[in-house]
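S.K.: Hints given; two lone chains; assemble the complex.
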Amino acid sequence: MVKEATVDSNKVEINSPPTGMQVVFREFRKDRLAMFSLISLVLVIVGVFIWAWLIDQEALMRVSLRDKYAEPGEKFFLGADLGGKDILGQLVIGARNSIAIAIAITIITVTFGIIVGLVCGYFGGWIDNMFMRIIDFFITIPSLMVIIVFVTIIPKYTVKEFILIMSLFLWTSTARLVRSKALSESRRDYVNASKTMGTPGILIIFKEIMPNLSSILIVELTLSFAGNVGIETGLSYLGFGLPPQTPSLGTLVSYANNPLVLQEKWWVWIPAAIFILLMMLGINYVGQALRRSADAKQRLG
Amino acid sequence: MWKIIVRRVLIMIPQLFVLSLLIFILAKQLPGDPFTGLLTPDTDPNRIEELRELAGLNDPWYVQYVNWIGNAAQGDFGKSYTYKIKVSTLIGEKALNTFWLSLVSAIILYLIAIPLGVLAGRYQDTIFDKIIVFYSFVTYAIPTFVLALIFLFIFGYQLHWFPTVGSVDVKYDPGTAGYFWSKLYHMLLPAITTAILGTTSVIQYLRSEIIDAKSLDYVRTARSKGIPVNKVYSRHIFRNSLLPIAAFLGFTITGLLVGSIFIETIFGYPGMGQLFISSLLSRDYSVITALVMLFGLLALLGSLLSDIIMSIVDPRIRIE
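From first to last, the protein sequence lines are chains A and B. Each residue of the first sequence is one higher than the one before, starting from 1 at the first, in my numbering. Each residue of the second sequence is one higher than the one before, starting from 302 at the first, in my numbering.
Bound conformation, chain B alone (with noise of 0.2 Å):
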C-alpha cells in the first residue's frame, strides 16, 4: 500500500518538473513584459531598465527558472502586476471560491448520478432504462460553454429564478447567515450545470456494475436465503457496487477543474478558471505560471488520490 503511494509520489516528481518546465518557457515568450504597461511618454528609459535588472529579467533563462522554481516551492510565485497583491493571496482567494463551487457540485453530481445509475441497472431495459441511458449521452455529448449558456439563459435571464454574475450579494456582510444563503445560492446555477455534465461516467459505471451483480452467485445466495430484492438491491449490490464509484472522485476534481474555466467565466463566477483567463487578456504572467503549475499538481493529486481509494477498495491492485 505505502510502496504504491510512494512510487506514484516519486513518478509525480519528474512530470511536475517537465510541466514547470514548460509553463516557465512559455511564460518567457509571452509578448511584453511586466513593465511594458508602465510606459509613458516621460519614463526614463534607463529606469525601465534598471527596473527589469532588479527583477531579475536580465538574466539567462535557466537562472531565472531556478529562481523561479525555489520560490514556488515555498508557495512564493511572486507579485501579480494587475493587482499588485502577491500571487499567492490572489489565487488563494479564488481558489476558496472555486473549491466550494467545485465541492458543491460534486455533491450534486453523485446526488442525481447515484439514484439513476441504480435505478437504471436495477430496471434494466426497461422504458425507464432507456430513458436514464439517453440523458447519460446527452450530457454526454454536449459541450460545457453550450448548456452553460443555455441554462443562464434559460433559468438566469429568462425565467430569473438564479442570479447570473457574481458569488455573493453585496448587502449582505461576511459571517451571517444571510452572507451564506446569499453565497450558495449564487453557486447553485453554476454547480448544477457541471453536476449534470459529469454524471455521465458514474451512472454508466453504476449500471454496468450493478447489472454483473445481478448474475453473480452472492446475490442468489441472498435470494436464496429469502433476503427480499429490495433489501439485495441496497444491502448487497448498493454496497459492492458504490465502492469503484468512490474512486472516481480523483478524476471527478480533474473533471470539475477543467470545467471550471468555462464555468466560471460564463457565471461571472469569480474563481481560478475566470482568473485564468482575465490573466491572460491582462499578460499577468506570473499568475499564469501559478495556475496552470496549480491545476497541474491538482490533477496528479487527483488522479493519485483516484489510485488510492482503488487500492484500498480492491485487494487484487495492491498486489500487482
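Chain A extracted, bound-state conformation (with noise of 0.2 Å):
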C-alpha cells in the first residue's frame, strides 16, 4: 500500500496507508466470498449457541423406540436416530459442543504459545533452548496416539480434562511460529531505542512487539481453530473425543460405524458430516483471507 499523495493548488493532504483492521476490511469487501464465508459463520455459531439454549436436552435425550430411525419428515425434520432422538436437536447441541471446546483448547494453546514464543524469541538463551527442545519432543511424537492413550487411561473423565489434554499436546506449533518471528522482531531499531531507554523486556514484549504481531496471531488463531475442530470432531468420531454424556458433532458422526446406519440410515450422519466439512472450509477460508492481509505483497484489496 503506497502512500498516496493528493496534491492540491490550496492544501496539501497526505492519505495515511490504512491499518490494522482497515487492511482486514478493504481485503473481505475485495473477496465476496471470504464476506460470505465470515458472516455465515459468525451467524452460525450465534445461531447455533442460541438455538442449543432453547433446547431442553432432557427432552431431546429421552429415548422412544417408536420413533427408532424415523425418517425425515413432518415430527423430526432430520429423522431420528436409534434411540428415536431427533437428529436436528443433537446436531444443535453437537454443533454447540463441539464450537465451544475447540473455542476454549484454541484460548489456552494459543496464549500459551503466544507466552511462550514470546518469551523464547525475545530473551534467547536457556530458555529458548530448553523450550525449544521440549518443543522438538512434542512435534516428534505422534501425538494423536498419546492424546488416545491418555483419554483411555483417565477414568471417567470430563470435557475439562479433555480440554486439557488436547491443549498440552496443541500449543507448540503456534510457540514455534511465535518464537520465530519474535526472533527477527527483537532485532529491529525500535526494540534497541527502546531497551538502551530502559524499558523492561516484559514491557517491550507485551506492548512493542506483541502489537507488531497482532495480525499474524488472529491468522494463527483462525487456523488453529479450524484445526481443533477437526482434531476434535475426529477423536470424538473414533470414541476417544468427548465423553459420552456431552455429544459432539463427531459422536453424530460415528453412527455411521454401523454399516446399516451408514448405508441406509444416511439421515443420521450425513448432516453432521456436511456441517463439519463446511464450517471447516469456511473457518479455513477465513484465515486464508486474513492471511493475505497480514503479507502485503498478497493483499488482493
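Read the hints as simulated data drawn from the structure, not as lab findings. None of these values were measured; they are calculated from a predicted model. Every residue gets a Cβ at the ideal spot worked out from N, C-alpha and C, and that includes glycine. Check the hints yourself; a few may be wrong.
[Claimed, not checked] Mimicking DSBU-like on lysine-lysine, the simulated pairs with C-alpha atoms at most 30 Å apart in a straight line are:
1) Lys515(B) <-> Lys297(A)
2) Lys385(B) <-> Lys484(B)
3) Lys156(A) <-> Lys329(B)
[What the hints assert, rightly or not] Coverage of chain B stretches by chain A, computed from C-beta distances (three or more under 8 Å per stretch; other residues unrestricted):
4) 319-328
5) 435-446
6) 570-582
7) 596-605
M.R.: Right, dumping it as C-alpha cells:
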C-alpha cells in the first residue's frame, strides 16, 4: 500500500496507508467469498448457541422406541436415530459443544503458545533452548495416539480434562511460529531503542513486539481454531473424544460406524458430516483471507 | 553429510527414550491388567497373584521398565493378551498391510499432485490454476474421517464400485494372480482417499516453486537459446522443482501413518491403525505400547529421511 499524496493547489492532503482493521476490511470487501464465509460463520455460531440454549436437552435425550430411525419428515425435520431421538436437536447441541470446546482449546493453546514464543524469541539463551527441545519432542511424537491413550487411561474423564489433554499437545506449533517472528522482530531498531531507554523486557514484549505481530496472531488463532474443530470431531468420531454425556458433531458422525446406518439411515450421520465439512471450509477460508491481508505482497484489496 | 546423519540419529535417541518412558508410564495406568479378564468365580486369588508375580507385575515400575525396554530393543514386545501370540508377529502381519496401503497411497498421491502442481504453476492465474488452488484448499480443510465416510458411502455402498471392508477376498488363495488383484482392489478406495487428502502440500510447493523459477536467469537463458517453451518446462524447470518434492517423502510417510488410524478404521482394513484402536478397546497394553513406539520411531525416521534427501538435493544445508 503506497502512501498516496494528493496535491491540491491550496492544501496538501496526505492519506495515511490503511492500517490494522482497515486492511482486513478491504481484503474481505474484495474477496466476496471470504466475506460470505465470515458472515455465515458468525451467524451459524451465534445461531447454534442461542438455539442450543433453547433446546430442552432432557426431552431431547429421551428414548422413544416408536420413533426408531424415523425418516426425515414432519415430526422430525432431519429424522431420528436408533433411540428415536431427534437428529436436528442433537446436531445443534453437538455443534454447540464442538464449537465451544474448540474455542476453549484454541484460547488456551494460543495464549500459552504466544507467551512461550514471545519469551523464547525475545530472551533467547537457555530459556529458548529448553523450550525448543520440549517443542521438538512434542513435534516428533505421534501426538494423536498419545492423546487417545491419555483419554483411555483417565477414568471418568470430563470435558475439562479433555480440553487440558488436547491443549497439552497442541500448543507447540503456535509457540514455534511466534518464536521465529519474535526473534526477527526483537532485532529491530525500535526494540533496541526501547532497551537503551531502560524499558523492562516484559513491557517491550507485550506492549511493543506483540502489537506488531497482531496480524499474524489473528491468522494463527483462526487456523488453529479450524484445526481444533477437526481434531476434536475426529477423536469423538473414533470414540476417544468428548465423554458420552456430551455429544459432539463427531459423536453423531460415529453412528455411521454401523454399516446399516452408514448405508440406509443416511440422515443420521450425513447432516453432521456436512456441517463439519462446511464449517471447516468456512473457517479455513476466512483464515486464508486474513493471512493474505497480513502479508502486503499477497493482498487483493 | 555423514556428520549430519550421525548427529540427527544421536538426537533421536533421547527423544525415543523420553517417548518410551512416557508410553510405559501411561500404559501402566491403564485400568486393569492382563489377568483381570481371566477372573472367574472359581479362580483362586492366589493363583492370579502367582501369575502376576511370574509376569513381573509386582516389581517396582523402574525394574519393569528396564526389562521392557531391554526386550523391546531386541524386538520382543511380549505377548498380546487378546490374540495370545507374540506382539512382534501380530504387528508384523498388520504392518505389511499398512505398508502396502501406504505405498499405493503415496504413488496415487504423487500421480495426482505432480501434474496438477506443474500445470497450476505453468498456467498461473488462469481459470485452470484457480480451480487447482481451490481444489487444494478444499482437500486441506476437509477432515480425514469426513471425506473417508463420504467416499465409502458414495463409491462403496451406493455405486458398489469398491469393496467396503477387509483387505482381500477370501475366495482366492495366497500367491495367485486373483489374490493379488483382489488385494489391490481392496486397497484402492482407502488409498485414493488418503492420497487426495495429502496432495495439498505437494501441489502448493510445486506451484510456487515453478512460479519462482519462471523469472530466474537459467530459464531466460534457455528460452533465449531458442528452446521451445514445452521443453524448458519439462527439462529445465520440472527437474529443478521436483527435487525438493522428493524431500517431502519423509513427511508424507508420517502423514500417511497418522491418517491410517482413521482410514483403516473406516474402511475396515486390517492394518496397524485398526489394530491400535481395537487393542485400546480390549486394553491389550503390550500391543498399544509397541504400536506407539513403532509409530514414534517411524515418524522420527521419516523426518530423518527428509533431512537426508534435502541435504543431498540442496548443498547449502550440508554446509551449515
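S.K.: Can the stretch 435-446 of chain B be counted as covered by chain A under the rule of three residues or more with Cβ-Cβ separation shorter than 8 Å?
M.R.: holds (count 8)
S.K.: CA of lysine 156(A) to CA of lysine 329(B), is that 30 Å or under?
M.R.: Holds - the C-alpha atoms of lysine 329(B) and lysine 156(A) are around 17 Å apart, at most 30 Å.
S.K.: State whether the coverage of the stretch 570-582 of chain B by chain A holds or is violated, taking the criterion as 3 or more residues with Cβ-Cβ distances under 8 Å.
M.R.: holds (count 3)
S.K.: Is the hinted pair lysine 385(B) and lysine 484(B) satisfied, with a Cα-Cα distance of at most 30 Å?
M.R.: OK: lysine 385(B) and lysine 484(B) at ~27 Å, within 30 Å.
S.K.: Examine the stretch 319-328 of chain B: at least three residues should have C-beta closer than 8 Å to a C-beta of chain A.
M.R.: holds (count 6)
S.K.: Would the pair lysine 515(B) and lysine 297(A) pass a check requiring their Cα atoms to be no farther apart than 30 Å?
M.R.: Satisfied, since the Cα-Cα distance of roughly 18 Å is no more than 30 Å.
S.K.: Mind checking, does the stretch 596-605 of chain B have 3 or more residues with a CB under 8 Å from chain A?
M.R.: holds (count 5)
Violated hints for the displayed structure: none, as all numbered hints are satisfied.
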